[in-house]
Amino acid sequence: MIPVESESSTKNGIKVIYVAKENILPFLKEKKEEGFDTLLMISGVDYKDHLEVLYHLLSSKNNTRIIVKTKTDGEVDSVTSLWKGADWHERETWDLVGIKFKNHPNLKRILLAEGWVGHPLRKDYPMDKKQYVNLADDGEDTVSFDRGEGY
Amino acid sequence: MMGRIQFPSTGGRGTDMEDKVIEVNFGPQHPSTHGVLRIKVKLDGEIIVDAQPVIGYLHRNAEKLAEMGAYPKGMIYIDRLDYVAALNMELGYVLAVENLMDVQVPERALWIRQMMVELNREASHLIWLGTHGLDMGMLTPFFYCFRERERILRIFDEITGSRLLYNYFAIGGVYSDITPKAIDMIKEWTEDFGTKLEEIQSILGKSYIYVSRTKGVGTLSAEDVLSYGVTGPMQRASGIKRDLRKDSPYLFYDKVNFDVPYRTEGDVYARFLVRIEEMRQSIKIVKQVLEKLPQGDFYNKKYSKPMLVRLKATGESYVPTESPKGEFGIHLIGDGSSIPYRVRIRSPSFANLSSIPTMLKGYKIADLTAAVSSIDPVFGEVDR
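Same order as they appear, the protein sequences are chains A and B.
Residue numbering for the first sequence follows the working numbering, starting at 1 and increasing by one per position.
Residue numbering for the second sequence follows the working numbering, starting at 1 and increasing by one per position.
Keep in mind the hints are simulated off the structure, nothing from the lab.
Some hints here could point you the wrong way.
Claimed, not checked - In silico BS3-like pairs for lysine-lysine, Cα to Cα no more than 30 Å straight-line:
#1 A/Lys32 with B/Lys241
#2 B/Lys284 with A/Lys61
#3 B/Lys196 with B/Lys246
#4 A/Lys108 with B/Lys40
#5 A/Lys11 with B/Lys312
#6 B/Lys64 with A/Lys130
#7 A/Lys84 with B/Lys20
#8 B/Lys215 with A/Lys61
#9 B/Lys364 with B/Lys215
#10 A/Lys123 with B/Lys64
#11 B/Lys187 with B/Lys255
#12 B/Lys187 with B/Lys292
Unchecked claim - Facing chain A, according to a computed beta carbon distance under 7 Å, are these residues of chain B, among others:
#13 His59
#14 Lys64
#15 Ser317
C-beta: ideal position from N, C-alpha, C; glycine also.
Extracted from the complex, chain A is given alone in its bound form (with noise of 0.2 Å):
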């Protein structure tokens, strides 16, 4: 058994549980054992002084739900070996939020442009500053701060 640090629930009853940051790989496997057989999402959190990783979980054959959170400096382990969806959601929630994971196959950024400065659901991200993209024929989309380099 993996150690829980802390328990809640949601407004409509779904289980929070508040796990270590060095044991939610091994810690989604026994939950994924257990029969949540469905990642539903992954998702970043910025609380501004430490930043926060959620899984929903869903169990197919029990229809049971829980959200596995776990706080983190900027790192945490993939769980892509447990679940193929969990590979889109990491690289979201890398390219939004701007949390790192480690042994995660292509960590690029999905829905920005590579080479993006910042990460946009941070709480500390410049909204004034436009950046303008310039998208490549072939190779790298390249992002530019100046007007005349993009749109």
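Fit chain B to the given chain A structure using the hints.
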């Protein structure tokens, strides 16, 4: 019948060219990508070796935008996620906010909501059916489907005042009551839509070309479906009988009778049959709502419009709903102010689309459009 080809294969060519794999770019401006999907396809002859979707062309970060204003202001961005089923998107947001704030909603408003989302599900599936037929080289079902969808849009126009993006559900109810004229329009529609649907289904389902191009194409096994987090009609076509309207009922879905159609083949044809049957079930639900619609308020008088922007909330809430594409829900985290701290959107198309590499591997390039359109991706929702 075409099927998946096991590797290694020479793809029908001589063995001397075996390691010559070419890369072809599909989209993002191709009409059969249903939006701005780009797929990097690796081909061995005409057989797909690898397909990697590239997304993000319609990204405007709806999550950040919704985190910048008061709770009711987020609605207009949520509307624009799945723009062909805007009411289903609104429902996910409204239920999460009401759950977070413990808002009581009058019964009549809940019944109206249930009827509207079912009508919108029909409209969404009709768009899918029409464009799916178009991808398979059939022009006729497209016109039939859009003619039927137009009738639904006129009902929406009568009730909400808009045709595509409604902003109709409000915290504590709906913005306007159903008019008697709208009820007549809906009744008329429920009476003859069943036969129209039969007609549209027979155009596709009785065509030898359509059936042979879709049977056994783009299969996803039940394991893959679970592993990728695929939900909705795609999941039910692969033999997993799950529908949130039955499994964790919200609104009054536990008070109406309907069946959950499912198939076990997991191919494009199974998805076609599941969606058609779902449309039949939706007619049933709409008919029952019209019978059971109670009299009363259509919104909670405590939550008048000027009051809405001052609503504050703490805690978190996630209410899963069954959108036409799959499980849609919004994880809301409130910090005690009138602005949500975190709005996380679970978008079904995003997860469904990520299964493309597994779904396409081993099929021919001609099967690509059939398989991609069977996912029914809407890019407002994938890229958010």
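Do the hints match the structure? See the list:
Simply put, A/Lys32 and B/Lys241 have alpha-carbon atoms about 20 Å apart, close enough for the 30 Å limit, and the pair holds. The suggested pairing of B/Lys284 with A/Lys61 holds, with an alpha-carbon distance near 27 Å, which does not exceed 30 Å. Our distance criterion of 30 Å between C-alpha atoms is met by B/Lys196 and B/Lys246, whose separation comes to about 27 Å. Between A/Lys108 and B/Lys40 the CA atoms are separated by roughly 16 Å; this keeps the pair inside 30 Å, and the hint holds.
Our distance criterion of 30 Å between C-alpha atoms is met by A/Lys11 and B/Lys312, whose separation comes to about 15 Å. For the hint pairing B/Lys64 with A/Lys130, the CA-to-CA distance comes to about 15 Å; that is within 30 Å, so the pair holds. A hinted pair counts as satisfied when its Cα atoms are at most 30 Å apart, and A/Lys84 with B/Lys20 qualifies at roughly 28 Å. Pair hint B/Lys215 plus A/Lys61 holds up; C-alpha atoms about 28 Å apart against a cutoff of 30 Å.
Taking the CA atoms of B/Lys364 and B/Lys215, the gap is near 14 Å; set against the 30 Å cutoff, the hint holds. The hinted pair formed by A/Lys123 and B/Lys64 meets the criterion: a straight-line CA distance of about 10 Å does not exceed 30 Å. Pair hint B/Lys187 plus B/Lys255 holds up; C-alpha atoms about 20 Å apart against a cutoff of 30 Å. Simply put, B/Lys187 and B/Lys292 have alpha-carbon atoms about 14 Å apart, close enough for the 30 Å limit, and the pair holds.
Because the closest C-beta pair between B/His59 and chain A is about 4 Å apart, less than 7 Å, the hint holds. The interface hint given for B/Lys64 is met, as the beta carbon of that residue sits about 5 Å from the closest beta carbon of chain A, less than 7 Å. For B/Ser317, the interface hint holds, the least distance from its beta-carbon to any beta-carbon of chain A being 4 Å, beneath 7 Å.
Taken one by one, the earlier hints all hold for this structure without exception.
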